[in-house]
Structures are given as structure tokens and as C-alpha cells.
Amino acid sequence: MCHSRKSGNPEKRNWIPHQVRNDRQKIIMEKILLKNIENPDSADINEYINVGGYKNLSKAFEYQPKDVIEEVKKSGLRGRGGAGFPTGMKWSFADADPKFPKYLVCNADEGEPGTFKDRPILEKNPHLLIEGLIISGYAIRAEYGYIYLRGEYPYAKEVLNRAIRQAYEKNYLGDNVLGKNIKFHLAVYQGAGAYICGEETALIESLEGKKGQPRIKPPFPVNVGAWGMPTIVNNVETLSNVPYIIEAGAVAYSQIGSKDCPGPKLYCISGCVEKPGVYELPMGISLRNIIYTHAGGIKDGKKLKAVIPGGISTSVLPADKIDCPMDFVSMPKHGSMLGSGAVIVMDESVCMVKVTYRALKFFEHESCGKCVPCREGTEWLRKILERIEQGMGREGDIELLSDVSETISGRTFCPLGDGAAGVVIGMLKHFRHEFEEHIKNAKCIFS
Amino acid sequence: MITININEKEIRLDKPVTVLEAARTAGIKIPTLCAHELLEAYGGCRLCVVEVERMLKLQTACTLIAADGMVIRTKSEAISNARRSILEFLLINHPLDCPVCDKAGECELQDLVNKYGATAGRFKEEKRKVPESHEDRIFTRNMERCVLCTRCVRMCNDVQGASAINIVGRGGRSRMEPFSPTSFNCEYCGNCLTVCPVGAILSRPHLHSLRPWQIDKEVETICPYCGVGCSFVVQVRDESIKRVIPRFGFGLNNGLLCSRGRFGYEVTGSQERIKVPLVRIDGKLHQSTWDYALNLIADKLKDIRDTHGGSAIAGIASPRCTNEDNYVFQKFMRMACKTNNIDSISRIGFASAQRYFEDLLGQGITANIILGLKNSDIILVLGGDPTAVNPILGLSIRAAARNGTKIAVIGNAKGLERFKTLRIVPDIFKEAEVLEYLLTEIFRAKGLRGEKPALDRKIEGLSGKSLKIDIAGLAELKDVLLSGGSVSIVLGMDVVHRSRGHRILFAVAGITYLLEARLYLLSESSNEQGLIDMGCVPDMLPGGRPLVVGDFKKRFETVWKGTIPEKGGLTLMEIIEATKDKKIKVLYVMGENPVFNLPNTSYVKEALKSLDFLVVQDIFLTETAELADVVLPASGWSEKDGTYTNLERRIQLLRKAVNTPSSADDWRTISEISSKMGYEMHYPRAEDIMEEIATVSPLYKDLTYDEIEKGNCLWPYNGEPLRGVVSEIPAAEETFREYKEGLYLAPEKILFHSGTLSRRALALRKICPEPTLKIGTNHAEKLGLKEGDNVSVSTAQGSINVQVSIDTAIKDNKVLLGNNFEGRGVFSLLNYEIDPITKVPGIEGCEVTIEKI
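Residue numbers (the working numbering), protein chains in the order written: chain P, 1 to 447; chain Z, 1 to 853.
Be careful, since some hints might not be right.
[Said to hold, decoys possible] Partial list, computed: chain P residues near chain Z (C-beta under 7 Å):
id, residue
1, Ile216
2, Cys371
3, Lys383
4, Gly410
Worth flagging that the hints you see were computed from the coordinates, not collected in a lab. A quick note: this is a predicted structure, and the numbers were derived from the prediction, not measured. Quick reminder that beta carbons are idealized off the backbone N, C-alpha and C, glycines included.
Based on the provided sequences and hints, a complete structural model is requested.
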């Protein structure tokens, strides 16, 4: 496969070299995922075509499906949902399964607190996702695709449905895509508001019309997925990377960002910063850079206290631990995870007990109820935390919190419980004194 | 071959199974809560954690598939800690109301905490509160006790196929709830009760009645309701049945029961039981003594036999009585009363069909293993709803459907609506044509088998007939039947009790023959097959030996020490008609209620009234017993030892569970009368009767109770042919009935009741308290009927008032009514015409008018 680039100009790009920079240099890169979103009509198919959209589709069709998978493998693309599993490898598993039909499901159920990175794609650049879906569907020989959209995104649903209708009109979707005798149909399925349905097997259960609860793995969805058939579940952002990989070629793509997990990444910053929002930056940029250079630093000149770097399920980092490259491989070495790339910034005025309590309230509410440690443990933790925050903490509560979360950790059916326990464990590790003071003073020290 | 190591013990496995299963087969115990042998793995409780070498986290044994070389430990400090903490989690919101919980003593959570749990909890917060639900008539739901193992939901959905309940809500707010707003509106199989590990779902009939450890005894016995013959354990205290529970890995039902089996046990404990013999004096029944009653019967029978001959006497046996009862009954009729006028209610369906198929296709043709249904590629269902008539057999069909077996339904089978591949609904009077068409098409596609010349000739003959049939789905049905793979045919009795039912039976026999299909006959009563085997038919001696073959007759006469009358007897409806004509003067009815269970009630009643003498042996004062001259109390199903032979010809032991001093075994009563009449019969125990059966009946040759107790006493019979080969298939003149647009009344076998027996079971009456007339949506609309409307149902025979229930599964112009409730049985509205070949009273095509009141 040839890797000549047909659009864009590499010289103009400001690549992040493979060594991680901890400086405050502002990175300006050509937008790949958020291309053209300043255009108010960017969601319209014609606007998308005007900036070169759907061109990669016919290019992809020139290759054999297996070659597309190879290309994605070579690009080093990792799933952007949070686990960072190599996308090409996932595809080849589904491809190797002899069962047909195969299904392609786009996970647009972004529900991790702090995460809103897929929303600009869904609402502003839906055709990029659709193009990615069609190419991916072609690669794994799936004839049906679903976008599992989170229930709280009604506007995105409208946009997506309009975009799908337009794509059908232009023959990018249908029984005979672009007259190439390739079949691909796409539909939006809206979830009913359960966080757990972001987990791929729970998502499939929900897609099948059942209660959203994770399934036993193995078998993995790549072999036994929706309606028992091989199913690929990919995140919105992951699939949106695919057209560019076809356009620029795997080698060029793999030059962007970190060596082990290349590509552009959408970071969404919220909390106590001057300029919260979604930033498209090369993978591996440092957390400090994101906060201080791109998001404008801490709001109102206050002091940074802590950062949750990848959505609420990832461990909290104290202010002095933010010189870490934000990618899937580096973050675990620095005591947290990249997760969805949702950076939650907390300044000195934030009560960490309250944050923990609020997080556990979320996990308790979202625990699906299938396994005992998560169902009962999150509730227990929340009840203790609620007491401490309300000034009714007791001697031994901190030990109990720590013990209960250690008990949940590693024993739940799916990672939801681990995430909940991880919040408490992380908070106790770095901010134990705040908990102690709450109990000692019998009130919240920040209120 | 996979070799794994659990606790230093090497285990070899033929196929990859879960670590839990591997450990269990090796006798290593791993505690579980959500896992259940009948259900798919769930992985929710996290109790079965084990350590696996080279795996970081603890693994759940129920979901982990054993791989070659795995080294597993089931005991360690870490595992104990994990289990202890899981149990602590389970208890934080558990109400700990063991002192008032019925489950205490047999609660899995209680046992687990006792063995693996911590001594004290650390949870100091407020517990979740959920009010107990008593909205259902049969089940209470206590969702505070629920551990959300979802065994009930998986049982209901994946095994029972009723899909009536699910978990609603999320996290700690999860609750098991039925889909209908208040009551369960389900099949009331109660299999959710069996699998619930805690006291979250409890049976109201049993609620607060006693503790598991207060049971006096547990008796393993057989369900008395249908022809499947499920095994279960009866728990008895103070000579009364407290509860019926199934056991996993025991009996052909393997732990499953239906509503009748589980909740119908109260019948024999009913207060309405007859306790002493009743004798009619001056037109009224009066209490009497056994001596007086038995002498009266013996004298009367002797008198009639000696003055009018045995042909003036007739007997009706019972498919609910044991083999031993029925054997003694027919021996008594033949040897003491000198008559072959013996038949039973089974004539209306099972006995006639079974005989017809065996004559054409060979003995044992209907002896097929119920569990084998699961292995069929295609199952053809006609003549009734297997999930209602024989619910546990129905579950096998549902399981097959889940595994991809094609289910083809002809007619109405509501319980298979969600499981069927296709369904055709022939017009009334057209079933025979449809089946003959299918037979002809199969013959054209596959040709003849050449094994049975008479059958081959007739099939060929049929194909000459030109058939004009236009029914939606018929072509697909034909294609399915011809698509290859093993075929099973499940035949309900609704297509047997037809005035030309033999045509349908022939077509089914032909299809069975050409497709080499397995044939299953649905059987409404527990011992219909046994009844035939015991010779309670007018033309066959025990063991299926034809009366007309002198050699066979002689063999029996040698053992029985006497002569058997030469003349073949009358069949059921012929007996009734002969009674009306005064040709039969005495009728002896054992455990049957012909007035209620036969068509044209008023005619039957009149016939019985014209008898010189009517003896009824029963446990209740039935409609028939009310007309009797002498009524003798009998013993119910739970009060006697004996054997039942089920529809797959499996012989099973019925064991005495309770002592009821006022009851008397049917065989004992009859042998006493016989002895008084001069034909001595002495059997100290039921077992001794089986000893005699085993010597005279080739089917039960050398069988002993010990042998039966070991299980698996079933066909095949290996010996000389029981009967000769049919050389000519009897035919009768065809009649054609004009099809009208109106409504036709047909009997329905409902899931919650079984004949008239179950109407004394309080729990079943709670589930289904009233008869309902089932009508299809179209016709209900036409008549302006709504669910629950009261209507009068009238035919030429009479009129009754019932409630309407709209059934979306009924697509034709039939209306269905059961035959279970006093004064409102469907048979009272039906007339009959005897099929000349099978002698079955045909009761189809009864035009009916329905008026709203």
C-alpha cells in the first residue's frame, strides 16, 4: 500500500516528537478530527465534501478489506474509549471469525463524568464519523453499523440522523455504496441513560433491547457480540481517525504524537481553568501543557490542588504530579490512566471529600447491580462519605473506607467497580488529611 | 484431553468446562450463590473466586473455562478474605429477619454465612427498605431479602420460557418484578421458587406453615396429574402434605415442575373427601358400613351375572388409578363379573390413538423419550398445546426451539406462540384434508418405504385423490417437513376425538412412517398408558394381548384359574348407549366421573339413571357418584403404593406418603368384592399384584418394585410380537359437513387444571378460579366482547354462563372452553358421534352462539 499524502501539508504541521516535552510550548497542529468545525454548517454533507470529505471512502475501496485492517494495524491506532486496545488487532480478531453477518457498532455513549470529547464530532463533524464507519465496516466486512448514542445527546441524534439521511441520498450508505457493490447500512440507536452501557458488552445487551449489563468475557464481542455474531465496538473518536489513516497512510499517521500510541487526541478540560473545552492535540502532550498552555491556567489565579486526568474513574493526581505525558502507555507509570482524556482540574478551594462523595454518588447510581461488590460496595462507600462530608464522620471511618474500597477493587464483574474504588483509594492516598480534618472538626472544612 | 490441577489434585477433562464444574466433578467444593446447574453462568455473586497461577486477580470459577495446564487453588487467605467480604456486602442490606423468614433452615445465604462469613458486620448505616409484596395470589416477593442472583429470572426466561419476570431498576435499586403490574400473570410453574437461594420469593400456600426441620418425612413419588410422570419429593407433617419440592438430577423432570404438580397437592387433603361408604336408600345416599356396602355390591353383581349374564355388567376404569388398581379391576370384571365390557375415559383420546398407531406402525411406536425431543431437527405439533397438557414435555419443545429446532404448529398451541417457526390454522373439518395433503406430498417427494405393504397401499391410494387446499403457510410447512433431519411429531388429543378422527390418525401415521419420525402422544392423565397395558380395554388382555387369540387367552386362564368370556366387550360410549337401552344393568365405575367427562351430559345422566345398579368408587362425591347406588371411598394418589406408566412407557413408583385411615385402596376393595362373589383374590400388598402382572404380562415381564426403584424401567420390550400385523387398514364411509361462518365450540385443556381433580386444589383455584371462554380477537370484536365480559354460551345441548377471555393466539372461528368447573364444563354443551373405526366419540364442530349478558 502506498502512503502518499494527497491533502494537507506535512511541513506546516507541528509534530510532537516521540520524546515527551514537559515544557509550556503551545502546540499548533492541523485539525484532523475537528476539521472545519468553525464552519457553522460543518455538519452538512456538502460542506464536508467541500473540504475533501468522503474522498477516502473510494480510496479505501480500492484496497482489499484485509489491507485496510493491515493499514490500521500499522498506524498504531489505539481505541480512544479508555482502554487503549490496538484497533487493528481488534478488527483482525473479528475478521478471523468465520461467522456472518458481522456488526460494527460505534460507541457514542460517552458518559464518563468530565468527558465530552465525542460531542463535537457527533454534533459538528458527523460525516467524518460516518465515513470512518463505512471504511471500518468495509474492512471487517460488516454490512450493518449502529451508532449507540447516549440518551442525553438528543441534538446529536438529530444531527446524526440528518447526516445519515444525506449519506444515503449521496449513495455513501445503502446496498450498493458508490456503485461498488458494497453494502453498508447505518442506524442510530439511542441509549436510555445508563453509564454502564459505555462498556461494550453492556452496550450490546442494550442494543439487543435488553437491560444493559455486562456479559461474561470470553467470549469477546469480536466473536460473540450483537445477536451472537462477531461485533466490533469502537469509540466515536477511534472511528473518526480511520479516514485520515487511509488519507495520509499508516506511516504518516504513526508519526503524530507518542511512539507507542500515535495520533491526534481530543482532550476535554473542565473544572477550575480559564478556558475549559475540547482540544485536539497530539497524543502524549503533557498534562501541564494542556492545563497551563492550552486551557489558560487555573481560574482566578488560584493554586492548583489536584487533577483527575482521564475521567472520574482514573486516579487523582496532586498538583506536583502533572508533568506526565498524556497517553495510554505513560499514564499508568505516573499513577493514573489516560482514560477518555477528560481532564478535571481542581483548585485549592475544592473539598476533596465532597469530590469523592459526589463521585461515589455517581457510581452508586450507575452501578448496574449485577455483581455484589460493586452494587453493595458503592452504596456503602457513598453512605460513609456522605456522613463524613456532613460532619458526622466517625473514628475508624477512614480505615473502613480504605478497606471497603480495597475489597471492591479487582473483584467486580467489570471495571465500573474498580473505577469507584480507585477514586476512594486515590483520594485517600493523596488527600487523607482532608478526610481526617473533616472527622476531627465534625464539619466540612471548605464550607 | 485437558489436564488441570486443583488443590494439588490432577483432574483430566474431555472437553473444556468451567473450573467450577471441573472442581465439582472432582468432589472439590467451591461455594456459589448465583450459579445453578440448570442455568447458564452469570458471574454476579463473586463468591466462587479461586486463585489461578499466573493470573493476577482472583478468578470466578463459574465463568473461567479450564485450560490445559491451569493450576488452581480454592483455599487461601486471600480467597477466604474475598468470600468473607462478599458475604459482608450481601448482608449489609439483608434484613436479617431469619426468625420470621420461611427460608431459614434451607437458606443458602444463611448456610454460606455460617460457613464462610464474618461473625460481626461493620455496616452502621441505614438499610434499604422495600415493602414485601403480597399482591400475587401465589407468590410473595420480599425484595429486601433478595440477593439479586437472578436465578429466578434466568429460570423463567431461559428454561421455563415464560419470560414473566425480570430485574427492574439499577444498582441497589434493582428488584425482581413481574411484567404485569400486580400479580405475576405467568405460568405459575414456581420454578423460580425452587431456585431462589433465599426467602425472596415464597409460596403463599406454604407460607409460615412450618420450618424445614419440622418435617416428619420426605417421600419421593410421582406427580398424579399428567402423563409425563414427574418425580418430586412430598414433605409430610402430621399426615398431611405440606409441600411438594422437585430435586435436581432426579426424575425425568430434573428439578422442574409445572403449576399443577407444584401447587395441586392439596387435593387428597381436602375436607370434601368421602370418608365412609354411602348407600342409596329410598332415593337418598346414606352413610353405611364397609361390610354392608361390599355385601350389597357383591350380591347385586352376582345376581345380575347369574340371571342376565356378564354382558349386562360393565366397568369403567381410571387413567388416574395405578397399574395395580387397573389390573385388579379388569381381572375382577373378566373373572368375577364375566364380562369384557371394560373401558375408560382414555377412549376419547389416548387409548384409541395409541392402539391405532401401534396396530399400523408396530408396538412401541409411541414409546419415545421425552428428553429426546431436544435432539430433533423438526417438531410438528398438532391437536393441542403441549405446554398446557404436558407442561414438562412442552419445556423440551421450547428448549429445542432455543437450540434451533424448527417448530411447526397446526392449529392452536398458545404456549408455543413465541417458539414456533411457523403455524397453520386449518378450518374446522379440514384438518384431515390438510394432513392427507401433507402425506401425499411427502409420498411424492420421498416415495414409499416398502416395509408395511398395507400402509404403502393406502398411502398410494390417497395420492389419487385430488385435494384443493388453500391455507396460508401450508407450502412452507411441507418444505420444512421435507427439509431433512430428524422429525418428531407431538400429537394432542384434540384431533383424535373426531367423528372421522381415524382419517387424521391415518395421515399422521403415514407421515410418521414416511419421515421415520418419532411420535409422541400427549396424555392428560397420569396412567393412560398403564391403563392400556393393564388390559382395561374391551378387546385386549394385559400386556397388549388380543382377546381373540385363543393361545394368549388360555395362558391367562391358567394363571387366573378360571375362564375369560369369549365375547369382546363394548367401548366407552357403546357402554353408555347400552346402558340407555337397558342392555347393561350394572355399571361399576372406579375413579372416574363420566357424567362430567363425557359429551352430552344430559344423555349420559339419563343413561346412568336407567341402570339397575351403579357403583362408584371415588375420593369425592362427584356428579356421577351422586347418581350411584353405592359410593365407596377410595384412596388418593398420595395414600397408596403402586406404579404409573407414563406416555413414553416409563414405569415409575408411586409411594404412599400419608396415612388416611378412612381411605381404602381401590384394588383392595375390588378384590374383597371379588372374593365375596366367589372369585378369590388375595393380595397383601400392591407389590404382590405387580408380581402377578410380571408373570402374565409380557410387557412387564420379571419386573419388580426393586427394579423400578432403580429407575429407567421403560420400553423397549424384547419378546414375541404382542399382536399380529395389520393386513388391511380399516376404512369407513366418508361424511362431509358443511363449513359455516359461525363459531364452533371446542374443548380446551388448560394449564392450571386437570380434569375435575384439580378443582379441589385451593392453590390452583386461586390461580384460575373461574372457567373462561377463550375467543379470538376478531370474533370478540365482531360480537362486541371485552375481556372479562359475562356471556351465555349456548349449543343444542344447553347453555352455560362464563366469562370471556380474549386470546390473541386463536386465529380461527373456534371458541375454547375447559372441562374443569362444576356445572360449567364444556362437555355438557357438546354432542358426539362415534367414529366407526376408533370408537372415539367425535365432538368437533359444535355450533355455538354467544350472547353478552
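Hints versus structure:
Restraint check, P:Ile216 versus chain Z: the minimum CB separation of about 5 Å is within 7 Å; hint holds. Interface restraint check: P:Cys371 against chain Z, minimum CB-CB distance 5 Å, threshold 7 Å, status holds. Interface hint at P:Lys383: satisfied, since its Cβ lies 4 Å from the closest Cβ of chain Z, which is below the 7 Å cut-off. Checking P:Gly410 against chain Z: minimum C-beta separation of about 5 Å stays under 7 Å; hint holds.
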